[in-house]
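Visitor: Protein chains in written order, with our numbering: chain A, 15 to 395; chain B, 15 to 395; chain C, 15 to 395; chain D, 15 to 395.
Treat the hints with care, since some could be wrong.
Since the list gives no way to pick out one identical chain from another, each pair is judged satisfied if it fits inside one copy or across any two copies.
Said to hold, decoys possible - Below, simulated BS3-like cross-link-like pairs (lysine-lysine); rule was C-alpha separation at most 25 Å, straight line:
1. LYS259 with LYS232
2. LYS337 with LYS136
3. LYS337 with LYS185
4. LYS259 with LYS337
5. LYS308 with LYS158
6. LYS52 with LYS329
7. LYS110 with LYS17
8. LYS337 with LYS308
9. LYS308 with LYS329
10. LYS232 with LYS329
11. LYS308 with LYS17
12. LYS308 with LYS52
13. LYS245 with LYS52
14. LYS232 with LYS52
15. LYS308 with LYS185
16. LYS17 with LYS185
17. LYS337 with LYS110
18. LYS185 with LYS329
19. LYS232 with LYS185
20. LYS382 with LYS136
21. LYS185 with LYS242
22. LYS382 with LYS245
Calculated directly from the structure, the hints in this document are not laboratory data. This structure is a prediction, so every number in the text was calculated from the model and none was measured.
Protein chains: 4
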Amino acid sequence: MMKELRVGIVGYGFIGRMHTIAYINIPLYYDPFPADIKLVGVCAASQASCSRAMHQAGYEFCTTDYRELVRRDDINVINCCAPNYLHYDILIEAMKYGKDIYCEKPLAMNVAEAREIVQLAKETGIKNQMTLMYRFVPAIMRAKQLVEEGFLGRVFSFRAAYLHSGYTDPKRPMSWRLDKSQGGGGALYDLGSHILDLVRYLLGDFESVYAMTETFIKERPLPNEPDKMAKVEVDDISILMLRMKNGAIGTLEASRLATGVNDELRIEIHGSEGAIRFNLMDPNWLEVYDNRDKSGPIGGDRGFKKIETIQRYPKPAAFPGPKFSIGWTRYHIASLYDFVTHIIEDTPTSPNFEDGLRVQEVMEAAYKSAEEQSWISISSI
Amino acid sequence: MMKELRVGIVGYGFIGRMHTIAYINIPLYYDPFPADIKLVGVCAASQASCSRAMHQAGYEFCTTDYRELVRRDDINVINCCAPNYLHYDILIEAMKYGKDIYCEKPLAMNVAEAREIVQLAKETGIKNQMTLMYRFVPAIMRAKQLVEEGFLGRVFSFRAAYLHSGYTDPKRPMSWRLDKSQGGGGALYDLGSHILDLVRYLLGDFESVYAMTETFIKERPLPNEPDKMAKVEVDDISILMLRMKNGAIGTLEASRLATGVNDELRIEIHGSEGAIRFNLMDPNWLEVYDNRDKSGPIGGDRGFKKIETIQRYPKPAAFPGPKFSIGWTRYHIASLYDFVTHIIEDTPTSPNFEDGLRVQEVMEAAYKSAEEQSWISISSI
Amino acid sequence: MMKELRVGIVGYGFIGRMHTIAYINIPLYYDPFPADIKLVGVCAASQASCSRAMHQAGYEFCTTDYRELVRRDDINVINCCAPNYLHYDILIEAMKYGKDIYCEKPLAMNVAEAREIVQLAKETGIKNQMTLMYRFVPAIMRAKQLVEEGFLGRVFSFRAAYLHSGYTDPKRPMSWRLDKSQGGGGALYDLGSHILDLVRYLLGDFESVYAMTETFIKERPLPNEPDKMAKVEVDDISILMLRMKNGAIGTLEASRLATGVNDELRIEIHGSEGAIRFNLMDPNWLEVYDNRDKSGPIGGDRGFKKIETIQRYPKPAAFPGPKFSIGWTRYHIASLYDFVTHIIEDTPTSPNFEDGLRVQEVMEAAYKSAEEQSWISISSI
Amino acid sequence: MMKELRVGIVGYGFIGRMHTIAYINIPLYYDPFPADIKLVGVCAASQASCSRAMHQAGYEFCTTDYRELVRRDDINVINCCAPNYLHYDILIEAMKYGKDIYCEKPLAMNVAEAREIVQLAKETGIKNQMTLMYRFVPAIMRAKQLVEEGFLGRVFSFRAAYLHSGYTDPKRPMSWRLDKSQGGGGALYDLGSHILDLVRYLLGDFESVYAMTETFIKERPLPNEPDKMAKVEVDDISILMLRMKNGAIGTLEASRLATGVNDELRIEIHGSEGAIRFNLMDPNWLEVYDNRDKSGPIGGDRGFKKIETIQRYPKPAAFPGPKFSIGWTRYHIASLYDFVTHIIEDTPTSPNFEDGLRVQEVMEAAYKSAEEQSWISISSI
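Same shape as in the complex, but just chain A:
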């Protein structure tokens, strides 16, 4: 008999809708898909949002109280798509009720919360995974393979950045993402969590961090009262120097004020034997340089090879096949597919809450470093 995944989703804003779309597409893209996915319930911020969710996606049930949702017996998987400050309560409650959980990044508001979450996840044995879906970009999956094969040799240095420009307009109003009490952090939490996870995915654990943060636009209008200004206390830009356990050094930047760019996640790594470059605005390609390749005159034809990663890695896409270009929604589908597969096959998830905690630690260390103006060892957090 086919396993049934009975899904409840907490939060039906932009990202909750993305998760919903991903669920619906999984059986269409991955074939045969050995489970039935039922979109059972949703917790939304308002009745209007409830109606929309039920209409768009066929959720059978809606509530504005997440407790009601996560306690239901007819749901076994919870997607946490609520603002950061609600993660802890939702996750704890859902775990108490034995639900498997797929959670948006960052895991929590701080390391203390994140540790409790991880601890309870271990105790309950529930499946858990973070929405750090850039790990599922084929180019990144190929990069991971290469790193594991030793392609880079000894890693010297890296440059990582996740750059947005959406907040350059000082009239853009206040929101929970700009409010420290609801978001927990600024660009570092929002964007930095993704790129920190990728650096760790590719290069292993962080040893220590030195950070500089800056809030350039220090107040913004309230959303419904444009004449009143609210103070912004989170970082517009965070810049980190990082030392890795493997000896590599590098920089990492998270910026909401990178005028001119749109959704630019970049990573470059230089090792003794090879180098790798990736830019999310060109998501179908991975650039690799092989220092061992000495074919050609005068010590080899030096140059980066721009691999069409498209949908070829880790294995060719079942659908629509390896040769067509992909974009942002595809990574969400692939990431969620990975999670539900681990549920179905009862195998370990990755990136899981513990990976979320590792990111949380380095973010907390970074804020501490910026405040204390000193290097912070991650193990001291």
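The hints should help you fit chains B, C and D onto chain A, whose structure is shown.
Guide: Okay, now just chains B, C and D, sitting in the frame of chain A:
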């Protein structure tokens, strides 16, 4: 009461599955979407394919005889995803039964068939649209807006190409796409139809054509009998010189032997006032050059602007919003959404069968030109 | 004793000055350079131009009559930098006086002239070379090596173009390059000669040609009488279909109306085993695709490698060394160095007048094709 | 009467030869050039080097003792192309004898030396300029114009890097550039000096710095005794966080271990109104983003414009004209031309020794920061 679209799909191979996925995603991406889409029936090549379609997408009904499908009263929209040689019969039959039709390119095996199809479409008044979905790439939609605003000025010349490399391996077996009696033509039909449609979409009608075609790999193994070779009679590469009614001249190439590239549809247009460049392998960008812009020293800062078209055109995407990168499946969703919207709102479709006929005419003229080694006026076809 | 090259230059406009600069730089870049180069004399259009040449470059002697120059005993090398319509007379005269010759492209006004020139060159045994200096771009030199090593396998097709935009302004006045009686041809002569030579250099001889030419801007103001218009009879744009002796097919375009681009010479070649791409606006790189490389999962990591050709080919530059970027003047220096080395070492030159004749033949065939609207076999010229 | 520049060059290695070539080319590229440049004397490391200099470039005089050269009455301009540890002595001596000086970067071994040099330059009133020739890349000159016009608005952040890969091979032997006592510093001195100067040129003075330095390859073979290893004490990689006086923040990296790249100097700047990007490996282009440009639907066509800077800025090149691509030697010619023009016209030079001192200060502050692990205010140096 909400309009109901009751869909029957003819052909559940790769492309039929893509249409199915597009239908399922329309209400998720476009919100509110004022109709109910029901995936009612499917005509597949085998019982296995039938089972798959019903399981994956919930089709209620399956047959291996398209007549059975298109005659059903509980279906009002037919998607034609069958091999080219079947289009004519399917379309004629479906139109007789008053179905609205969304049809894969090319419209038919030849101009004679295509004309009959167009004629019957006019007589029956059914809604009809071609799957020429690259018109719905945001970059192309922005290009179209610019052209209509007169951005280019007087158009001098263009370079257009649709380049694949999938057939460079001579061991790749024979298939209906390589069989003239089933495909009708080769690279020109398969790839050329898309790029011809785009050139016409942006620059208007063709005046005349001169073509050179070549079949480099003249025989290929049979699919199930690799020791037997079948003759290939269709073009691997077609190269066209074109004269447009607006006076512009240009080249257009369709190739299945473009070693090194993957799915590369390119178009470049030079006009007296501006220029445009696009490459489907970088689908999120449109490059534009404005010859009127004289800001900067010495007659202006010359250069192409690389516009982030992403999901911003013709208007920002409702979901997932304008800023995320997109890929190949997205154009199918947008194209099919456009079709069903025209059904719902009872407005004229585009590109419709007549547009399909226009492409068919220039393809037939091209083959004639290659054979006769002379310029062929499109109006002579 | 070191050989002495005693140079006389015919024409001291832009290109004559470029040749002069190249001579002066040769001993500085190539070290040790086993000859003395003396800039002896110049033939310029006016006394002002004479003064400038003597002042800038130290020419000892100047005349406005080329005969006087080429007959001098104290000169053994002639650079022909005069307008096209003068080449024949200058070259014949110079050869009669036994001078070695370095000549700007195109070789002559037509094939008849070119044949006489080649004939006399053979009879006199003088060293002769064409200024087809793009052969000396390191990226092209690496491409040539690869082709000779069989990197491409069986060549299927190519796309070649040399695109300028300098004539898009209809107010740009008439000049000898636009005057058929002085230039001999239009964009095809001026730009096409370069790219035709490169295609032939890389892919061998042409079999036949079909051409379309167009003059979009049919009259232009006289240089000194802007109210008077002169008729333009040469091509603004020429587009050629070509069949090569090796079976490859392709297109070649020469355009002076390619709005938006600047000095864009492009070549792409697809073969059964590999592909090559080059663009003169990024002259420090050659892109190559190796179809044999199956390393990586699923049949190999497909992708073009962007080789830093810089100054590494055919061997690392003596100065300024292989790693620094280069531009347009560098190819002139390299090309002229090649010529003078052949003089010094008494070895065969390449590209020589005969190569110039080959280009002349295909250009003449192209014009004939455009007029007669039929394929023209090069051997029929 | 035309001014005479009588040049003596100290050091005839690679860079001394480059300066020599630049001198010879100035009158050829800049026309009319109102001075006579005489290459009078050279100080080289050996008699062999002397011979080469005299033969290649026609120097009349050669010595291995710089004092002899700089004291000569028949020389009025000195180019300092010696290793870093000799700069101080050479410059002081040359200034005592009233010579105008063009000096390779970095100015000196440390700030103390640099201050004395600047002080004596002021007292003597000699003309002095640094070889920070990337200021003379047309793209950078255009960037400077844009910055001065306020194009960027309030500057938020920047990313700057100068990346080489030449030292990734651990067998590359020791040299003066790797020896702290002769080079003064490592990648930061060698590469960082260039990019620090560019950041300061475009964004103004530095406020403070935090640095991390690393020596990955800690010993290297001696040049002539490959079995003996010498300790490397200078940085392979230096990474700086910087705070500018204008409030901007950013990172700057100098690396000799950036596997895969060649000579990659990059700078990106984000301001409230615009953004700028440059990469020296594509030296003919400047990318600019104008946040004010709201033409096009939905708030404007967002995107970077890739300006063909080629040879168009600050004004079109007299020769070879604005449209041809340029490379590394061209910046040297332009930079040295700028210097000699200031001598001829008796106008202030820039970048001069004082600009060199500014760079020296931030480099010294960076090393101090790395050692003390604290932010260092530049004014504290």
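Visitor: For every hint, state whether the structure bears it out.
Guide: Each hint, compared with the structure:
Proximity of LYS259 to LYS232 under the C-alpha cut-off of 25 Å is restricted to the inter-copy arrangement: shortest distance 19 Å between copies versus 36 Å within a copy. Proximity of LYS337 and LYS136 under a CA criterion of 25 Å is satisfied in neither setting, with 40 Å inside one chain copy and 37 Å between copies. Taking identical chains as interchangeable, the C-alpha atoms of LYS337 and LYS185 lie at most 25 Å apart only when they sit on different chains, with a minimum of 19 Å there against 42 Å within one chain. Taking identical chains as interchangeable, the C-alpha atoms of LYS259 and LYS337 are never at most 25 Å apart, the minima being 37 Å within one chain and 33 Å between chains.
In the homo-oligomer, the alpha carbons of LYS308 and LYS158 lie at most 25 Å apart both inside one protomer (24 Å) and across protomers (19 Å), since each shortest distance falls under that limit. With identical chains, the CA atoms of LYS52 and LYS329 are never at most 25 Å apart, being 27 Å at best within one copy and 33 Å at best between copies. Proximity of LYS110 to LYS17 under the C-alpha cut-off of 25 Å is restricted to the intra-copy arrangement: shortest distance 22 Å within a copy versus 44 Å between copies. Only between protomers do LYS337 and LYS308 lie at most 25 Å apart by alpha-carbon distance; the minimum there is 17 Å, versus 30 Å within a single protomer.
Within a single copy, LYS308 and LYS329 get their C-alpha atoms only as close as 28 Å, which misses the 25 Å cut-off; across copies the closest is 15 Å, which meets it. Taking the shortest Cα distances, LYS232 and LYS329 never come within 25 Å of each other, neither inside one copy (47 Å) nor across copies (32 Å). In the homo-oligomer, the alpha carbons of LYS308 and LYS17 never lie at most 25 Å apart, since the shortest distance is 52 Å inside one protomer and 39 Å across protomers. In the homo-oligomer, the alpha carbons of LYS308 and LYS52 never lie at most 25 Å apart, since the shortest distance is 54 Å inside one protomer and 42 Å across protomers.
Taking the shortest alpha-carbon separations for LYS245 and LYS52, neither the intra-copy value of 43 Å nor the inter-copy value of 50 Å comes in at or below 25 Å. In the homo-oligomer, the alpha carbons of LYS232 and LYS52 never lie at most 25 Å apart, since the shortest distance is 45 Å inside one protomer and 51 Å across protomers. In this assembly of identical chains, LYS308 and LYS185 lie within 25 Å of each other by CA distance solely across copies; the values are 16 Å between and 55 Å within a copy. In this assembly of identical chains, the alpha carbons of LYS17 and LYS185 never lie at most 25 Å apart, being 50 Å within a copy and 41 Å across copies at closest.
For a Cα distance limit of 25 Å, the shortest separation of LYS337 from LYS110 qualifies neither inside one copy, at 44 Å, nor across copies, at 37 Å. In this assembly of identical chains, the alpha carbons of LYS185 and LYS329 lie at most 25 Å apart only when taken from different copies (22 Å versus 45 Å within one copy). Taking the shortest Cα distances, LYS232 and LYS185 sit within 25 Å of each other inside one copy (12 Å), while across copies they are farther apart (52 Å). When the C-alpha separation of LYS382 and LYS136 is checked against a cutoff of 25 Å, the pair qualifies neither within a copy, at 28 Å, nor between copies, at 46 Å.
In the homo-oligomer, the alpha carbons of LYS185 and LYS242 lie at most 25 Å apart inside one protomer (11 Å), although the nearest pairing across protomers, at 57 Å, exceeds that limit. For the identical chains of this complex, LYS382 and LYS245 are intra-copy neighbours only, at 21 Å inside a copy versus 36 Å across copies, given an alpha-carbon limit of 25 Å.
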